[in-house]
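Novice: Read top to bottom, the protein sequences are chains A and B.
Residue numbers for the first sequence follow my numbering, beginning at 1 and rising by one.
Residue numbers for the second sequence follow my numbering, beginning at 1 and rising by one.
Some hints could be false.
Computed list of chain A residues with no C-beta within reach of chain B, every gap over 12 Å [to be verified]:
no., residue
1, Arg17
2, Ile19
3, Asp20
4, Arg29
5, Ala36
6, Ile43
7, Asn59
8, Gly139
9, Arg159
10, Arg215
11, Pro218
12, Ile225
Cβ pair distances, simulated, as ranges [to be verified]:
no., chain 1, residue 1, chain 2, residue 2, range
13, A, His155, B, Glu86, 23 to 33 Å
14, B, Arg196, A, Gly228, 54 to 64 Å
15, B, Pro50, A, Gln64, 49 to 59 Å
FYI, nobody ran anything at the bench for these hints, they're computed from the structure.
For glycine and all other residues, C-beta sits at the position ideal for the given N, C-alpha and C.
Chain by chain, the residues:
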Amino acid sequence: MRVHAVSEQAVQVEFGRDIDEALIPVIARAVEAIRAELGAVVIDLIPSYTTLLCFYDYNQVDSQWMVREIARILSAIDTDESGSIAIDGRLVEIPVWYDLSVGYDLDALAQQKSLTIAEIVQLHSARDYQVFAIGFNPGFGFLGALDDRLVTPRHSTPRRRVPQGSVGIADAQTAVYPMASPGGWNIIGRTPRVMFDSSGLAGQAALLNVGDRVRFVPISRSEFIERGGQLDD
Amino acid sequence: MTELVVLQPGWQSTIQDAGRSGYFRQGLSEGGALDEHAFRWANKLLNNEPNAACIEILLGKFEAEFKANAVIAITGADMEASINGEVLRNWRTHSVQQGDVIRFGQARSGLRTYLGIAGGWQTPRQFGSRTVVMREKLGGLDGGPLKQGDRLAFQPRNSPALRVVPEALRPDYQAPLTVYVMPGYQYEQFSVIARRTFETAEYIVSNDISRMGYKLTGPPVSADTRKLASEGIAYGAIQIPPDGQPIILLKDRQTIGGYPKIGCVASLDCARLSQRSPGSPIRFEFTDVDRVQAERRLFDRFFNHSYWVDDSRQIAWP
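Input sequences plus hints: build the corresponding full structure.
Specialist: Here is the structure:
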């Protein structure tokens, strides 16, 4: 573990070099502990795969103080409960209509992987995923890890517009597009669930947080429409 | 409440305040005025709260009509502003009358002008800020730049206090710029030669610049690692993509990314950089965080605690 200043506004913690599911609960715990102890000076935290970036008020404390305090807090977590940290993230269920009309890459993927569409749906919805990071767009959660049989590189040329709610896979990860945007992930279905509430009224606008677990639940066309899902024009 | 009616939006004019704070975790960019120096002066001139929204005008050609009397301030790039054809000087306040039409020409020096108004532009807040982040369709009137016919609310004012930014405190946006860089992130993974090249060579601002980031061109530098697990990106982070050409990430940057970073540019130097147009020379100089922090604290203290005295043309510290 390494704590170092990256700018006059932020300090970074590196928990490891390689992506590892076991780091997620450790980073989630670090976020909680830093918030609890340094809440008065911490402005924001960006947890990601192997790192945590901590923004603080440089008018109150300096860089060396932050590095020292964060290192102290982390060492307390490290030795806690003989190193075993329970996963306390929520389980979020995301209903998905897996269909050729909204899952633009389902057919190609099935052929490429020698799987039936039903098998792809089964493999994608069979396991719980971890939220490794939030980024790319507001509320966009990077989820992993996929079953090896579904691992596929992203398109070399991204689509100009991927509709809101599209569920995609890229490499060993899967994600939902919270809003329409350009994107290169392989699209296999669509959710009616709102992933990001841009009304901006609530403080928590993103459905997912780093540390949460996600389960995809297959639904029918009628259920999709009933729950407010949007079809293509 | 009254309004400013946009007659010509120009190249790209957006509502900007100090940006969103506390939403990185949910994937939102901070946004906010790119040139914090000119932005803070616009509000200082008007005795506004430091975070009051201004219009950030890129390159010029903005035109609008005031539906009531107002006090405005113009700072940043010189775009030969005028009211009803009469020239308005930069870096000062002006009183305008109902029916006046303000016009901006083309930027002669610098890229961005701030048009502030006493009390600030009253657009709705989203996630605690009026700032427009176009990629996220958040802020302003509709999440985008201003359009012809848009109406911006403001509180009418008649107090014609004339304030001017002292000559010595106005920057020259055409001067060659050396920016301070704090080594961090993957600095250790760049070879001694790469770091030396980076610090001694001259880089040039490319045409590929936006509120998200500035791409520079010059001698390529590369890290031993080409790709890493995506990590949080601080303001001013210098990302080195595989082509070895540095990209300095600014206010509208995405919150996480996976390219190696050689360090971070000091926030106040990011503000200076944001006024540099394509073709401008830029040099990098490594320094330590403490020094940058001290300079930034002085900046904040100045804008938070200085005040206008007597004839309003002088500014003093407590």
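Novice: Against each hint, give a clear statement of whether it holds in the structure.
Specialist: Right, here's what the structure says about each hint:
1. Arg17: violated, 8 Å
2. Ile19: violated, 5 Å
3. Asp20: Since the minimum Cβ distance to chain B is about 10 Å, Asp20/A lies within 12 Å and the statement is violated.
4. Arg29: holds, 15 Å
5. Ala36: Ala36/A is indeed farther than 12 Å from all Cβ atoms of chain B, at 15 Å.
6. Ile43: violated, 6 Å
7. Asn59: It is violated; Asn59/A is separated from chain B by about 6 Å at its closest Cβ, not greater than 12 Å.
8. Gly139: Gly139/A not clear of chain B: closest Cβ-Cβ about 6 Å, inside 12 Å.
9. Arg159: For Arg159/A, whose nearest Cβ neighbour in chain B is about 16 Å away, the distance exceeds 12 Å, so it holds.
10. Arg215: For Arg215/A, whose nearest Cβ neighbour in chain B is about 21 Å away, the distance exceeds 12 Å, so it holds.
11. Pro218: holds, 26 Å
12. Ile225: The assertion about Ile225/A holds, with a minimum of 25 Å to chain B.
13. His155/A / Glu86/B: 23 to 33 Å: Given about 55 Å between the Cβ atoms, the range is violated.
14. Arg196/B / Gly228/A: 54 to 64 Å: This hint holds: roughly 58 Å between Cβ atoms.
15. Pro50/B / Gln64/A: 49 to 59 Å: Roughly 27 Å apart at Cβ, these two residues miss the hinted range, so it is violated.
Checked against the numbered hints above, the structure violates hints 1, 2, 3, 6, 7, 8, 13 and 15; every other hint is satisfied.
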